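Residue numbers (this note's numbering), protein chains in the order written: chain A, 1 to 382; chain B, 383 to 427.
In short, the hints are calculated from the structure, not lab data.
You may find that some hints are simply not true.
Stated by the list, open to error - Per the computed footprint, the stretches of chain B lying under chain A, defined by three or more beta-carbons under 8 Å from a beta-carbon of chain A, are:
hint	stretch
1	394-402
2	407-413
As the list claims (entries may be wrong) - In silico DSSO-like links for lysine-lysine, alpha-carbon gap of 27 Å or less:
hint	chain 1	residue 1	chain 2	residue 2
3	A	Lys199	B	Lys421
4	A	Lys207	B	Lys421
5	A	Lys203	A	Lys307
As the structure is a prediction and not an experimental result, all values here were calculated from the model.
C-beta atoms are modelled at their ideal positions from N, C-alpha and C, and glycine is treated no differently.
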Amino acid sequence: MAEAIINGLGGLTVGFQMLAVDWRNTIMILVGFVLLYLGIKKDCEPLLLVPIGFGCILVNIPLSDVMSQEGFIRSLYNAGIVTELFPLLIFVGIGAMTDFGPVLAQPSTFLLGAAGQFGIFLTLILALALGFPQLDAVAIGIIGACDGPTAIYVTSKYAPHLLGAVSVAAYSYMSLVPVLQPPIMRLLTTKKEREIVMKSVAKPVSKTTKMLFPLVITILGGIIAPKGLPLLGTIMLGNLMRESGVVSRLTKASENEIANIVTLFLGLTIGATMVGSAFIRAETLIILALGFVAICLDTVCGVLFGKLMSVATGGKVNPLIGAAGISAFPMAARVVQREGAKWNKKSYLLMHAMGANAGGQIGSVVAAAVMLSVLAGMGIIR
Amino acid sequence: MDNVTFGLTMLVCGMGGTIVVLWLMSLVMALLGKLFPEKPVKKEA
Numbered sequence: 001m002a003e004a005i006i007n008g009l010g011g012l013t014v015g016f017q018m019l020a021v022d023w024r025n026t027i028m029i030l031v032g033f034v035l036l037y038l039g040i041k042k043d044c045e046p047l048l049l050v051p052i053g054f055g056c057i058l059v060n061i062p063l064s065d066v067m068s069q070e071g072f073i074r075s076l077y078n079a080g081i082v083t084e085l086f087p088l089l090i091f092v093g094i095g096a097m098t099d100f101g102p103v104l105a106q107p108s109t110f111l112l113g114a115a116g117q118f119g120i121f122l123t124l125i126l127a128l129a130l131g132f133p134q135l136d137a138v139a140i141g142i143i144g145a146c147d148g149p150t151a152i153y154v155t156s157k158y159a160p161h162l163l164g165a166v167s168v169a170a171y172s173y174m175s176l177v178p179v180l181q182p183p184i185m186r187l188l189t190t191k192k193e194r195e196i197v198m199k200s201v202a203k204p205v206s207k208t209t210k211m212l213f214p215l216v217i218t219i220l221g222g223i224i225a226p227k228g229l230p231l232l233g234t235i236m237l238g239n240l241m242r243e244s245g246v247v248s249r250l251t252k253a254s255e256n257e258i259a260n261i262v263t264l265f266l267g268l269t270i271g272a273t274m275v276g277s278a279f280i281r282a283e284t285l286i287i288l289a290l291g292f293v294a295i296c297l298d299t300v301c302g303v304l305f306g307k308l309m310s311v312a313t314g315g316k317v318n319p320l321i322g323a324a325g326i327s328a329f330p331m332a333a334r335v336v337q338r339e340g341a342k343w344n345k346k347s348y349l350l351m352h353a354m355g356a357n358a359g360g361q362i363g364s365v366v367a368a369a370v371m372l373s374v375l376a377g378m379g380i381i382r
Numbered sequence: 383m384d385n386v387t388f389g390l391t392m393l394v395c396g397m398g399g400t401i402v403v404l405w406l407m408s409l410v411m412a413l414l415g416k417l418f419p420e421k422p423v424k425k426e427a
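Construct all of the structure, not just a fragment, from the sequences and the given hints.
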């Protein structure tokens with residue numbers, strides 16, 4: 001009887017013993033708290049960081065079976081990450097939320113969206129130089145897309161063991177765009193350039209053009225880069241629903257209920273990939289550092305391209321809008337507006353920056369699609 | 383494939399491809415804008 005009681009009580013203390021055995025779980029529980037703190041107190045991407053942080057805590061509690069074969073988060077992981085369904089459903093919501101009007105009013109801003117993707121490829125080269133295997137380097141480079149769902153889609157497909165680190169880097173740095181970008185923008189531009197006032201873009205875009213946009217982009221992008229068609233197709237489906245105006249129930253469901261539910265599951269499953277034994281490695285710190293470099297390089301290349309456009313147009317373009325050519329929508333555009341107004345009160349860059357930012361949204365998806373198709377062309381992936 | 387070849391191919395084809403695709407898209411969208419301009423709203427008498 002006494003022995004049975006002791007054994008029974010032993011079952012309640014084994015978790016504490018395990019906690020002492022593997023210190024990495026304790027560290028990861030603290031990391032989970034940091035993510036929760038950033039999300040709740042600092043308002044850094046709370047929709048993602050709160051479930052990620054909680055998932056991280058759940059999976060690192062000793063003897064936790066949430067990620068075992070029968071675990072509930074494993075079921076979500078298999079259903080939505082292994083099948084790539086979650087990031088794609090998020091993309092339908094993003095398409096339904098995004099107004100591509102500013103980029104359609106000024107199609108040349110698409111090119112700023114291209115310049116903002118340089119960081120992906122430069123970081124890929126850096127990762128290779130640091131000794132990462134080729135597909136791991138691709139997944140690390142994609143942090144530079146500044147686009148969480150794209151990063152998750154590519155990483156879960158080709159480097160699933162890096163999913164936790166890449167996702168955390170992608171979402172954390174994305175939320176740090178207002179802090180990271182302004183110093184780079186100031187460093188690369190002169191006071192005169194920052195003070196340039198751009199003419200307002202009042203060109204209206206017809207409903208027909210807005211509806212044809214998602215169809216044309218899907219077909220054109222899909223033909224050139226078919227490996228990325230799921231990414232491009234889902235974001236454009238969401239946008240077609242929005243612009244057509246005839247399926248408002250589906251549009252609202254995509255941007256609200258579906259996006260919210262999937263975000264919760266996505267965050268939880270990503271957090272649950274952050275198991276101490278797999279996450280606490282020098283490799284993770286290098287990935288976080290490379291993610292930082294990727295986003296800085298995106299801004300550098302975007303601003304430099306903005307300078308080029310400024311020279312080519314005889315000073316009509318304020319190079320600051322180049323910094324908005326990334327996928328952090330509409331955060332990057334707001335940062336550009338704030339920075340421009342700081343240097344010239346008469347400067348109103350928001351609509352131009354929104355164009356570049358919408359271009360960056362498409363640009364990141366196109367860059368990933370092109371990257372995957374190039375990899376398939378080289379025979380590295382199927 | 384060695385890493386140098388891989389990295390440079392990704393830079394040239396990947397970044398080059400991204401720029402070309404987005405440039406083509408901008409051309410098509412500019413064309414669509416011209417083909418389907420916003421019609422001014424007729425004022426009712």
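Now the hints, each set against the structure:
{"no.": "1", "hint": "394-402", "verdict": "holds (count 6)"}
{"no.": "2", "hint": "407-413", "verdict": "holds (count 6)"}
{"no.": "3", "hint": "Lys199/A <-> Lys421/B", "verdict": "22 Å, holds"}
{"no.": "4", "hint": "Lys207/A <-> Lys421/B", "verdict": "10 Å, holds"}
{"no.": "5", "hint": "Lys203/A <-> Lys307/A", "verdict": "24 Å, holds"}
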